[in-house]
Amino acid sequence: MKPDQLLPILEEAAGRLDITIKYEGLAASGVSGTGGLCKVRGQWWLIVDKKATPSERVAILVDALAGFETGALALSDKVEELLSARRAAKAALRSGKSTETVEGPPG
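Sequential numbering from 5 applies to the sequence shown in my numbering.
Derived from the structure by calculation, the hints contain no laboratory data.
Some hints here could point you the wrong way.
[Stated by the list, open to error] Computed cross-link-like contacts, DSS-like style, restricted to lysine-lysine with a CA-CA straight-line distance of at most 25 angstroms: (1) K26 with K43; (2) K43 with K55; (3) K26 with K55; (4) K26 with K6; (5) K54 with K6; (6) K43 with K6.
[What the hints assert, rightly or not] Between beta-carbon pairs, the in silico distance windows are: (7) A76 with A31: 32 to 42 angstroms; (8) S80 with T57: 14 to 24 angstroms; (9) E16 with E60: 30 to 40 angstroms; (10) S99 with G19: 17 to 27 angstroms; (11) S99 with K55: 30 to 40 angstroms; (12) G100 with Y27: 33 to 43 angstroms; (13) S99 with K6: 26 to 36 angstroms; (14) R91 with P7: 13 to 23 angstroms; (15) P7 with A93: 14 to 24 angstroms; (16) R20 with C42: 13 to 23 angstroms; (17) L97 with E60: 27 to 37 angstroms; (18) R45 with E85: 31 to 41 angstroms; (19) M5 with Y27: 20 to 30 angstroms.
Glycine included, C-beta positions come from ideal geometry on N, C-alpha and C.
Based on the provided sequences and hints, a complete structural model is requested.
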């Protein structure tokens, strides 16, 4: 599946998990990176650089959603594969079996 096809599916899944997505100009504000997940006053927010490519946006969303329970969302096999792979990478990093850099929520 292409990033342009995955993006609306992931955005919808985030909405169903009560994650607010904001596309902002991060570079102009002096923030480095393309985005990430944060919790503000008990609400999850996913801030994404509005200049991020569709592939970068998908990667940010997959990274964020991998930290949440998504089983009840009835996502496609492809999306579940992406989330499972990301969860496995995070677990490997926590156990010291990977040198990959991970940003996002624990879990």
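Consistency of the hints with the structure:
no. : hint                              : result
1   : K26 with K43                      : holds (13 angstroms)
2   : K43 with K55                      : holds (22 angstroms)
3   : K26 with K55                      : holds (12 angstroms)
4   : K26 with K6                       : holds (22 angstroms)
5   : K54 with K6                       : holds (19 angstroms)
6   : K43 with K6                       : violated (29 angstroms)
7   : A76 with A31: 32 to 42 angstroms  : holds (36 angstroms)
8   : S80 with T57: 14 to 24 angstroms  : holds (22 angstroms)
9   : E16 with E60: 30 to 40 angstroms  : violated (19 angstroms)
10  : S99 with G19: 17 to 27 angstroms  : violated (32 angstroms)
11  : S99 with K55: 30 to 40 angstroms  : holds (35 angstroms)
12  : G100 with Y27: 33 to 43 angstroms : holds (35 angstroms)
13  : S99 with K6: 26 to 36 angstroms   : holds (33 angstroms)
14  : R91 with P7: 13 to 23 angstroms   : holds (20 angstroms)
15  : P7 with A93: 14 to 24 angstroms   : holds (19 angstroms)
16  : R20 with C42: 13 to 23 angstroms  : holds (19 angstroms)
17  : L97 with E60: 27 to 37 angstroms  : violated (20 angstroms)
18  : R45 with E85: 31 to 41 angstroms  : holds (34 angstroms)
19  : M5 with Y27: 20 to 30 angstroms   : holds (21 angstroms)
Checked against the numbered hints given earlier, this structure breaks hints 6, 9, 10, 17; the rest are met.
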